[in-house]
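Colleague: Sequence:
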Amino acid sequence: MAAVFLVTLYEYSPLFYIAVVFTCFIVTTGLVLGWFGWDVPVILRNSEETQFSTRVFKKQMRQVKNPFGLEIMNPSTASITTGLTLTTDCLEDSHLTCYWGCSVQKLYEALQKHAYCFRISTPQALEDALYSEYLHQEQYFIKKDSKEEIYCQLPRDTKIEDFGMVPRSRYPLVALLTLADEDDRAIYDIISMVSVIHMPDKTYKLPCRILYQYLLLAQGQFHDLKQLFMSANNNSTPSSGPSPEEKNADRSLLERAGLCEGEAEPSEDSSKDCVVCQNGSVNWVLLPCRHACLCDGCVPYFQQCPMCRQFVQESFALCSQKEQDKDKLKTL
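Residue numbers (full-length UniProt numbering): 1 to 332.
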């Protein structure tokens with residue numbers, strides 16, 4: 001019946017042609033204006049409509065104090081054969097345990113055991129979780145607030161100078177920091193920190209560096225500690241150096257973000273000003289690119305990162321407005 005009806009319209013009514021033309025016009029207009037949500041070129045859509053078409057979710061921050069700090073001294077000279085020098089900065093007495101040639105698979109199984117089976121709060125707990133799948137172990141006692149340099153080296157009698165081609169089955173070095181006193185484990189949320197360290201050998205001569213860091217919480221979670229990217233001050237006009245009060249304020253901001261390691265001061269060209277308005281203090285981190293470049297006033301207006309143009313999926317604040325006001329009062 002439908003076919004007969006269309007044939008009748010085609011033969012006896014000019015309305016058929018009008019309907020076809022009108023339908024084609026509506027479909028073309030919808031494609032141009034993007035009404036149907038299809039991935040087609042949009043040439044007439046308002047730029048402001050595109051900017052606010054999606055919602056950026058704000059993550060809730062939970063502040064925790066990390067009692068551990070680990071830094072590699074002179075990474076350019078470190079290697080499998082010569083060893084490396086580590087510097088720790090711990091708020092409490094701690095144990096530093098180095099596992100040379102640690103099994104990659106057993107390490108991540110151990111992290112899963114921390115979440116589901118038992119808590120890795122001591123070197124012995126990690127050793128049990130690894131099933132001793134490592135080549136050599138070294139352990140050092142770290143005193144509170146000690147900046148002592150610790151030299152670590154794989155024994156020569158192991159005769160290991162290379163860990164093979166990628167993908168490797170072993171990490172060159174895994175460093176574990178744990179609290180020495182059991183009473184301290186009830187004070188801090190973070191009870192252990194695992195650092196996976198790359199070291200150059202005959203196959204891969206890339207400089208020594210920390211590949212991954214995992215913070216192990218007393219409640220059973222573990223978090224991958226990642227670096228944030230701060231904006232750089234590109235102003236060519238000469239200016240006087242920051243005052244000690246401003247340096248302390250910047251350092252406290254980096255400590256909240258988990259970026260401050262050891263006693264390294266922020267570089268002089270690092271800027272605390274928003275990259276957009278150049279007036280407000282940087283307080284928002286954009287995800288997934290991890291650029292910290294916007295202030296409280298500018299962050300609602302951006303769906304793309306102003307640094308790398310990547311779309312923002314989530315964001316979180318480094319500190320609340322009350323904490324910012326406290327920092328300003330301290331500098332006065």
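Any given hint could be a false lead.
[To be verified] Quick list of simulated restraints, FRET-style, between CB atoms:
| id | residue 1 | residue 2 | range |
| --- | --- | --- | --- |
| 1 | M307 | R156 | 21 to 27 Å |
| 2 | Q303 | Y116 | 26 to 32 Å |
| 3 | P207 | Y116 | 33 to 39 Å |
[Unchecked claim] Calculated cross-link-like contacts (lysine-lysine; reagent style DSSO-like; alpha-carbon spacing at most 27 Å):
| id | residue 1 | residue 2 |
| --- | --- | --- |
| 4 | K272 | K65 |
| 5 | K159 | K113 |
| 6 | K272 | K144 |
| 7 | K144 | K205 |
| 8 | K113 | K65 |
| 9 | K65 | K159 |
| 10 | K65 | K226 |
| 11 | K226 | K147 |
| 12 | K272 | K106 |
| 13 | K205 | K159 |
| 14 | K272 | K59 |
| 15 | K113 | K272 |
| 16 | K226 | K159 |
Just so you know, these hints were derived from the structure itself, not from any lab.
Source: prediction; values computed, not measured.
No residue lacks a Cβ here, since even glycine has one placed at the ideal position from N, Cα and C.
Colleague: Which of the listed hints are not met by the structure?
Modeller: 1, 2, 5, 6, 7, 9, 12, 15, 16
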